[in-house]
Each structure stands twice: as structure tokens, then as C-alpha cells.
Amino acid sequence: MSTLRARAIELKPGLLPATVRSVWPLVAGIGIALTLQFFAKPVIGDFYAKVLLDIGTSIILAVSLTMVNGFTGQFSIGHAAFMMVGGYVSGGIVYYGSLLLFGDVDMAGGLVSSMIEGRDVPLVTRGDALFAVSLVAGGLAAALCGYVVGLPSLRLKGDYLAIVTLGFGEIVRVLIQSQTGDVLYTVEEMKERPFVGIAQMFTTPSDEWVTPIVLSLGGALGFSGLPFYSSLFWVFLGVGITLLVAYRLKESATGRAFLSIREDEIASEAMGVNTTQFKVRAFVIAAFFAGVAGGLFAHSIGVQLNPGELGFLKSFDIIIMVVLGGLGSISGAAIAAAIVTILPELLRNPAPLLKVWPVFAGLAALLLIATVFAAATGRRTRPLIAWLCIVLALLGLGFGARAAAAAGHNLGDYRMILFALALILMMILRPQGLFGVREIWDRSLWRGIAESLRAPAKKGGTSR
Amino acid sequence: MTPTTDAVLAVRSISKSFGGLKAVQDFNLTLPRGSLRGLIGPNGAGKTTVFNLLTGVYRPDAGSVTLAGRNITGLRPFRIADAGLSRTFQNIRLFGELSVLDNVRLGCHVRSQHGVFRSIFRTPYHRGEERAIEASARRLLDVVGLLSRAGEQARNLPYGDQRKLEIARALATEPRVLLLDEPAAGMNSQEKIALRALIQRLRKEFDATILLIEHDMGVVMDICERITVLDYGKTIAEGTPSELQSNPAVIAAYLGAESDCDIDANHAKGGR
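Line order of the protein sequences matches chains A and B.
Heads up: the first sequence begins at 1143 in my numbering, then just goes up one per residue.
Heads up: the second sequence begins at 2 in my numbering, then just goes up one per residue.
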């Protein structure tokens, strides 16, 4: 009999207040998503709405990967594979579901799903329900894959997960490229095909097999013709739920168990944490959200679901976001996801960044003065220099991109080089990432800067 | 050695070899409820290996470990923690990036009902439990005198405080038996006096049964009721502190050992 359990029952809040406190963030999330969809989109215009859409999808991916690479300290480098699984499952359900239910694959969503202004449709329709179901199904399929991949590899310590996830990513990509057939266009075509096609393996010679419906996903050419259901509403509803789940996990017994595994697996196990079980849990939850993000990605405007696009490089993009943001920081991953997504756009067209350059210049000047002051009086300068570099880098990128554009180059083509440089700088100046394990609202995160201004540096003190 | 009926921990002739090295041979131990036992021996005698065998880090080659009547031999470490055996580490193993409070809260993990869905949906029970965990973690921090540093990152604590935090974290698992691996290492003499007081307090307030590895003879001789002496993996003596001080085998093990044991020998001679 644990005294903790007795105390917990004693301290339990009432059902009503607990429910209100549990539910209100979700209601707020729905509100924000609706606001973005119906009030922000007309203001910012189609182009920026699309950029915002991509940012949202990236945030879901980065925050979900943070649960594995950041919280539990395991290293997964195949996150895009779960995105691919979710995208294809969700795409298949919407595409063939639409054919069966509505007779064609045209967009059948209501206003919540629309990225186009002035469509004369109700707020929510059957199409939206189909899309929502497909997202959950895509997430569940990815989570199942995560379980199958994670259970054997997470039992072992070390880099096995990295190797296995890398392999899994390639397997999924190659299977979709080589084993799936052309997309079907009509209900008549569908009726000629078996649904799963296991029976034909026993009854038909192999050279007469027909591709079943579940494998008619476009092959190497990509899954074309998916309706564009992904709107700001759906994407930011997904972002809201992902952030809420990540935050609640981190700030609970479950999250402490995740983090303890990263900090010291032996001590964690000695304190009673079933480390294998918790690593698998984190991995499965992350895979679920990657699958949902894949579904949102598949139905985004201007995207054609293509196995080549969701290979290793995409996984690496997500890792960059997580590492830049700080391993274990939810807000860090979200902000880094936004930066990494928006950067190619800004490099192509730096005008919006340059419009506010005096703000950045002022910030840089302030930081410079503070650094000089700190150095002159023997205080710690390191955190200040790190932030100064970040601001200067952004400013430099803006002007650099404008100069490059004037000379007829697009700096966005060099983004992988720039990311590599940023990562190297990061390793030198802030190896723990922008926010480390902490969140943007943690006061201790900013205490480093405050302290370097207030107290003189201690000799041989820690370097943070 | 006759097994006592109210023995909370009973170890029957466990052994462990690493290749040709017999790290622990035929180790026996019976801890009555509420007792405080010392485990000493020169460097490399196998003391920490005994801890690792008891807590499941290593699986014993032979023998059995029984905790409160339940056979826990060869279970994985988290199951043994669940059964009620908790430890601190010789080379401190705190969760450095986490706060002092979170380190202790993690210790409560094993007694909590930590479901993923409870955490996500924050059920009333989950909220109550988080409150209970926080209250109990704060109480334990108060006991070891670290409450004022609850919000700091564990790795920023001074060495002596880190050892105390390890004790608080181990206590948070509500253990039946507490294994302390050199809690006084790296402490100055004042901290050592405080540590003795702390261990006495744990016995009184938490009714703790403690197995203590310690190199500091002053601490061991002062607070332990009985002491087991290991040398080269074998138990060479067991008895009360005064019995051992005149035991020729113990004196030989310490004074007759190689040069790297000189420090221990000095402790044994001088007492402090």
C-alpha cells in the first residue's frame, strides 16, 4: 500500500473543475485555428497563408520528433518515413473514399477546409469528416509502424534506433516507389480490382496479378489528384493538439520518466522506470503525430505526395529543427521549425525581413553594448555573444539575400550550406540548442543573460 | 548466521564472476527490519558489485535475493525498485538537466499510476497525484535540507548536496531497504557530521532499513550496528564495530593490502 496513492485520492480535485481545466486549452486551440482560417487568411493573402500552412506542418513534425530525440534522448533519423506512412494512408482513404462516397475526387470540404476564398459551401461537410477520419487513420497506421520498428530497437542501448529508423525510411520509400501501381480514376476501375488482393496470391499466376486498390497509390510518379483539404484550420488544430499533448506529457510523471532516460538511463531504471516501455511510448506517440502531419502534408495545396520527397533529406530537415530549437524544448522546436521553414522563402525574397531591419539593428546594438559592458567589468559574455550572433546572422542573411538577388542568384538554393553553418556555429556557441531543455517562458532560460549583466563571472564556474 | 524471521532483506550465497575474476563469492546477508548495516572493504573488494547484484544491474551467477519474502533474484532494476529496494550511486548519477525538485519527483514515479492517457487528459486522479508527488518531494527535500534549492538544475549543486539529493530521490521510491553507496565521499568533516545526523533521522522518521557502503571509518564505526567486511569478493568478517576493530583478518585485509589501499588503512588505524 503506497502512501502516495492515499494522498493522491485526498488531494484529487472535483470532476467539474478538473474537466474545465483539462478541456479549455483544446477549446482555445480550436478558437485560434478558426481565427486563423476565417480572419487571418483574408488579411495575409494566399501566399503567406501557404507559408503559414507549411510552418504548421513543420511544427507538428518537429515537436513530435522532440518527444523522441529531445525527451528520451534516443536518436531517430527516419521521421519522414512515418510522415510518408501517414500521408499515403490518409491520401488513400480520402481519394478512394471520395470516389466511392461522392463519385469523384473533387474537393468536397466545407469552409473549414477551404484555402480558396468565396466558395459557396457550408461550414462543415461530409468531406471534412472523411478527411478528419483519414488523418486519425494515418496517424494510427504510423503509430503501429512505430511500435513494430521501436519495440525491438529500443530494447537495446546505443545507436541501434538510428540505424533501424534510417533503414525503415528507405524500406518505406522503396516499397512505395516499386510496389505500388497507378492511381485509379473512376469507380468502374475500382470495381475491377480486388481491395487487398491476398486471395489472388493463391489463385492467380503471378504474371496475371492486378494491383489491388490498397496498392494503387501512384508508385514512383507520386500520388496525384489528392484534393486539397489541408487548410489553416486543420493544420493549426493539429499544431494545437500536438503542442498540448507534448506539453502535458513533459509536465507530468510520464514526461519526467522520458527526460530521466535521456539524462541517465541506469539511474532512471534504478528509480523504477521501465525504460524500454517509456522509450517505446514516446516513439509511438511521435510516430502518430508524424503520421497526422503526413496526412496534412499530402492534402496541402501545391504538394504532390511523392516518395522521393519524403526520404532521408526530409528526415534530416526535421532533425535540424529539433537540434536548433534545443533537444527537449517544445517551444524551441516549434520556433526552430518556423525559422527553418520560412528561411528559404525569406532568402528568395528578403523584403519582409528588410522592412523591419532597424528593429534587428537596434537589438544588435543593444546586445553589443551589453557585451562590451559585461566584458569590461569581468562578467560572463558567452550568452550575450550567442544571441548577438543570432541577430547579426539574421540581419546579414537579409542583406546578403538582397545582394544575391540583385546579382541574379537565389540564396535559398544554398540553404543546406547555410543550415550546416548554422549547426556548426550552434555547436560552438550554444551546444544545447536555442532553448536547451527549457521552454521560452521558463525564467531560468533568461537568467543566464540577466546574470551576466548583474553578477561578475565566477572563476571556473559552469559555462552556461 | 541464522536467518531472522522478520528479515526484510535476505541474501543467500550470491556469486558473480566477470570472466576469470570472481568479483563476489558466496555473499550472505540478512537485514532485520529497521537495522543499519555497514559494508566495508578495501578498494576493489566487490562492495559496489554487491549493490549492483542486489539492484539488478547485474544478474547473479548463483544464489538468491529475497526482499520482504519475495524472490527478486535476476529481476530487471525497475522491478526491483518497485519491490522496494532503492539505492544511491557511488559516482553520482543525478538527472543533471532536471531541477532538484524534478529529480525527487521522478523518485515517486514507481509509486504513481503514470498512464500516458492520464497525463494527456489530466484526469482528476492524475491532478491529485501530481499534487501528492510534489508535496512528498518537497517534504523529502526539506528532510535533506535542499528545499531552498528546489528550482535549481541538479548539476549546479555542490558535490555534498548532490549526494544528499541522491538520498532524497532514493527515499521518494518509498523503499523497504535503502542502499547507500559511499554517501560521505567528497564531503568535508562538517558535512559528514550532518550526514550522520541525517542517516539517524531517516531511521527514526522513515523507519528505514539501510545497507551502507562507506570508506570513512569514522562514519561507519559510529552509526552502524553491525558491519560486513569484504575482501577480494569474499566475506572475511561480520560483527559489531568493536568486534571488528580487533579482528585480525580485517586488520590484515586493510594493513596488508597493496599500496592503493593506504588511505583506507589510515582510516582504519586512526578512526577519526
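No lab work stands behind these hints: they were computed from the structure.
This structure is a prediction, so every number in the text was calculated from the model and none was measured.
Don't take each hint at face value.
Covered stretches of chain A (chain B as the covering partner; in silico rule of three or more C-beta atoms under 8 Å from a C-beta of chain B) [said to hold, decoys possible]:
hint	stretch
1	1308-1315
2	1347-1358
3	1575-1587
So, partial list: chain B residues that the calculated Cβ filter (under 8 Å) puts toward chain A [as the list claims (entries may be wrong)]:
hint	residue
4	L22
5	Q26
6	N29
7	S113
8	E131
9	Y160
10	T174
Where is the CB? At the ideal position from N, CA and C, for every residue including glycine.
Now the hints, each set against the structure:
Coverage of a stretch by a chain is defined here by at least three residues with a beta carbon nearer than 8 Å to that chain's beta carbons; for the stretch 1308-1315 of chain A and chain B the count is 0, and the condition is violated. Closer than 8 Å: that is the beta-carbon criterion, and the stretch 1347-1358 of chain A has 0 residues meeting it against chain B, so the requirement of 3 is violated. Counting residues of the stretch 1575-1587 of chain A whose beta carbon lies closer than 8 Å to any beta carbon of chain B gives 3, which meets the minimum of three for the stated coverage. A cut of 8 Å between beta carbons decides the hint on L22 of chain B: the least distance to chain A is about 21 Å, and the hint is violated.
Contact between Q26 of chain B and chain A, as hinted, is not supported at the beta carbon level, the nearest pair being about 24 Å apart and thus beyond 8 Å. A hinted interface residue such as N29 of chain B counts as satisfied when its beta carbon comes closer than 8 Å to some beta carbon of chain A; here the least separation is about 23 Å, so the hint is violated. Given the 8 Å rule on beta carbons, the hint for S113 of chain B holds: about 5 Å separates it from the nearest Cβ of chain A. Nearest Cβ of chain A to the Cβ of E131 of chain B: about 7 Å, under the 8 Å cut. The hint holds.
Below 8 Å, beta-carbon pairs count as interface contacts, and Y160 of chain B has none with chain A, the closest being about 13 Å; its hint is therefore violated. Below 8 Å, beta-carbon pairs count as interface contacts, and T174 of chain B has one with chain A at about 6 Å; its hint therefore holds.
Violated hints for the displayed structure, listed by number in ascending order: 1, 2, 4, 5, 6, 9.
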